[in-house]
Amino acid sequence: MALAEPSSSGRFGEFGGRYVPETLVPACLELERAFRSAWGDPSFRNELDGLLADYAGRPSPLTECHRLSEELGVRVLLKREDLNHTGSHKINNVLGQALLAKRMGKSRLVAETGAGQHGVASATAAALMGMECMVYMGEVDIQRQALNVFRMKLLGAEVVPALSGSRTLKDAVNEAMRDWVATVETTHYCLGSVMGPHPYPWMVREFHTVIGLEAREQCEKLLDGAVPDIVTACVGGGSNAIGIFSGFADTDAELVGVEPAGGAAVGRGVPGVVHGMKSYLMQDEFGQVQEAHSISAGLDYPGVGPEHSFLSSIGRARYEAVTDEQVIDAFQLLSRTEGIIPALEPAHALAWISRDREKLAGKTVLLNMSGRGDKDVGQMMEILG
Amino acid sequence: MVTLADEGLMIPDAPTQPGGLESALRAGRDAGRKLLVPYVTGGLGTDWAEIVRAVADAGADAIEIGVPFSDPVMDGPVIQEASELALRAGATPVTIFDELRTIDAGVPIAVMTYYNLAFHMGHERFAESLAAAGVSAAILPDLPLEEVGPWATAADAAGVETVLLAAPTAPDERLPLVCARARGFVYAVGLLGVTGERDALASSSLVIARRLKAITDKPVLVGVGVSNAAQAVEICAEADGVVIGSALMRRVLEGVGPTGAGEFIAEVRTALDANF
Chain A
1 MALAEPSSSG RFGEFGGRYV PETLVPACLE LERAFRSAWG DPSFRNELDG
51 LLADYAGRPS PLTECHRLSE ELGVRVLLKR EDLNHTGSHK INNVLGQALL
101 AKRMGKSRLV AETGAGQHGV ASATAAALMG MECMVYMGEV DIQRQALNVF
151 RMKLLGAEVV PALSGSRTLK DAVNEAMRDW VATVETTHYC LGSVMGPHPY
201 PWMVREFHTV IGLEAREQCE KLLDGAVPDI VTACVGGGSN AIGIFSGFAD
251 TDAELVGVEP AGGAAVGRGV PGVVHGMKSY LMQDEFGQVQ EAHSISAGLD
301 YPGVGPEHSF LSSIGRARYE AVTDEQVIDA FQLLSRTEGI IPALEPAHAL
351 AWISRDREKL AGKTVLLNMS GRGDKDVGQM MEILG
Chain B
1 MVTLADEGLM IPDAPTQPGG LESALRAGRD AGRKLLVPYV TGGLGTDWAE
51 IVRAVADAGA DAIEIGVPFS DPVMDGPVIQ EASELALRAG ATPVTIFDEL
101 RTIDAGVPIA VMTYYNLAFH MGHERFAESL AAAGVSAAIL PDLPLEEVGP
151 WATAADAAGV ETVLLAAPTA PDERLPLVCA RARGFVYAVG LLGVTGERDA
201 LASSSLVIAR RLKAITDKPV LVGVGVSNAA QAVEICAEAD GVVIGSALMR
251 RVLEGVGPTG AGEFIAEVRT ALDANF
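Just so you know, the sequences run in chain order A and B.
Sequential numbering from 1 applies to the first sequence in our numbering.
Sequential numbering from 1 applies to the second sequence in our numbering.
Do not take every clue at face value.
Stated by the list, open to error - Chain B regions said to be covered by chain A (calculated; three or more residues, Cβ under 8 angstroms):
hint: 1; region: 61-74
hint: 2; region: 92-98
hint: 3; region: 142-150
hint: 4; region: 159-168
hint: 5; region: 192-199
hint: 6; region: 264-272
Claimed, not checked - Stretch by stretch, here's where chain B covers chain A in the computed footprint (C-beta under 8 angstroms, at least three residues):
hint: 7; region: 11-23
hint: 8; region: 162-170
hint: 9; region: 182-188
Since the hints were derived computationally from the structure, they do not count as laboratory data.
Here a beta-carbon is modelled for each residue, glycine too, at the ideal position from N, C-alpha and C.
Required output: the full structure, derived from the provided sequences and hints.
Next up, the structure:
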């Protein structure tokens, strides 16, 4: 394993920790024990691997983008997490957490969601395993992701609007945590990214390492034993990015996370503490958390997972930011050249490649295509007229 | 010095000498009084300082001042709304501390806020600002025992007492550690959930109060879900006192003003005094 386990207090360098109300401390400790035991238990791993293969459709393919590469002058490879069941990488994590929750004797899942991909994945896992599921979603996101809201309801989940603050992902996390404080004895908080209190950033990363491990093997086959020059992914909380980075952290490949310009926690934030973790955070001069603004509901988050803050602080990964306009162009570019409609989130990583194509000329870039764009088609139809 | 988990989590022993808040609460308890601590959101409306004085005059033993934070995860709808309104009106830690300096409530003041405001300003500066504003204690509900070390070091040095919360979910072996580090009082969380009024007192309130009273002689006050005078009386059969937040702030948001706020706290005070 190339990415290290956090310290026993759940830290990656100075980042991470467990800044939760006292009520939740025992639950976090219990979760850490349960995860450690399950992750070392071959029967748990076999059951999860079986679900990932037979239910989620893993391994996901690696696609070489011939026409796009020609147009950009950059060799682009896509790790196709968009082809997983439910349409994004999120299923890797929720199948792991739902299995773990069952093992812990919990009968109910709560989740937060931004774009709805994690909510849909959580609702799916709950349906599969016969668990109750409640998804908190910002009121603004409920409007711009109506399709995913309906999908969650079809899957039997209850979708609860978060009405406070910016009414986006940040506030959905607040509501999910408030729910968990009240229901911790029966409920597992199925957190959707590599964020929150320890052990979540570590546990969620471990559930997504499958992305990086597969991609490493697939790249070595395609590139005659070599690795790509650059591995890139979009970063909101940063789960898909950590997943793919984990396969290449011990190589010479450059790791590049791409944030939305309006939610660039690593790029514009300073260390802060919210949602149970210490990490880079967009905040005002007094430490009030600022609202993020992004075309993509999934990246509309003012913080970032603590391991990304750590990787940035030691220089192992770097973080770029792109504008909504650049994302809209990239969304169309991939659709037109490769017949792949990306989700707005991974379109950020492509927007960076496209913007910096002169600097990247001749390089081989692996991009984690973390989700498909069906959910965004309605929004893009309005934007593009 | 207690060390939990790893090198990052050194927790300094609490000073043995009680601070201003704990001394006042112990004195009240020793005099046979049940302790009453109302919560008021700082920076809410133009008359919040008068509300603080009114609840002090109505018989509060100490007052909790909320410094609003953008993401109050331990708070229910009432305190959330109060916080949001105060923030929108321009409240900051600095404006609230400035105003606190001018309020002579005659009882100790504890500030209740979330850890990021202290972390962002810097532990030492935040602690010294509290002390300079005449604040005795700080309550940071998202800073559990494991993470309290760096803040507590600065707070202890500045003479600010750090109140710790004790939750119903804590196993028996955890509570003594919490009590040993808590200063001012031990804040017993009455139920599983966030702040807010409830129709009935949760039985977990009585259980956590009993568990704490069995292991500490520091004042044990129950908060979260204590909604009216009758519930305050009920819980004080076990606890040394209560913190009342949402029930007061709902009335403030409804516009009762300093007079109404004082009347509500006086009602609780009278009920406690009549029963104990």
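These are the hints, each one checked on the structure:
Residues of the region 61-74 of chain B with a Cβ under 8 angstroms from some Cβ of chain A number 6, which satisfies the need for three, so the listed coverage holds. With 3 residues having a beta carbon nearer than 8 angstroms to a beta carbon of chain A, the region 92-98 of chain B meets the requirement of three or more and the stated coverage holds. A count of 6 residues in the region 142-150 of chain B with a Cβ less than 8 angstroms from any Cβ of chain A is obtained; the coverage claim is therefore met, three being the minimum. A stretch counts as covered by a chain when three or more of its residues have a beta carbon under 8 angstroms from one of that chain; for the region 159-168 of chain B and chain A the count is 5, and the coverage holds.
Look at the region 192-199 of chain B against chain A: 3 of its residues bring a Cβ nearer than 8 angstroms to a Cβ of that chain, three or more, so the hint holds. Note: the region 264-272 of chain B has 0 residues with beta-carbon separation from chain A under 8 angstroms; the three-residue rule is not met and the coverage is violated. Counting residues of the region 11-23 of chain A whose beta carbon lies closer than 8 angstroms to any beta carbon of chain B gives 8, which reaches the threshold of three, so the coverage claim holds. Check on the region 162-170 of chain A: 3 of its residues sit with their Cβ under 8 angstroms from a Cβ of chain B, so the three-residue criterion for coverage holds.
Check result for the region 182-188 of chain A against chain B: holds, 4 residues qualifying (beta carbon to beta carbon below 8 angstroms, three or more required).
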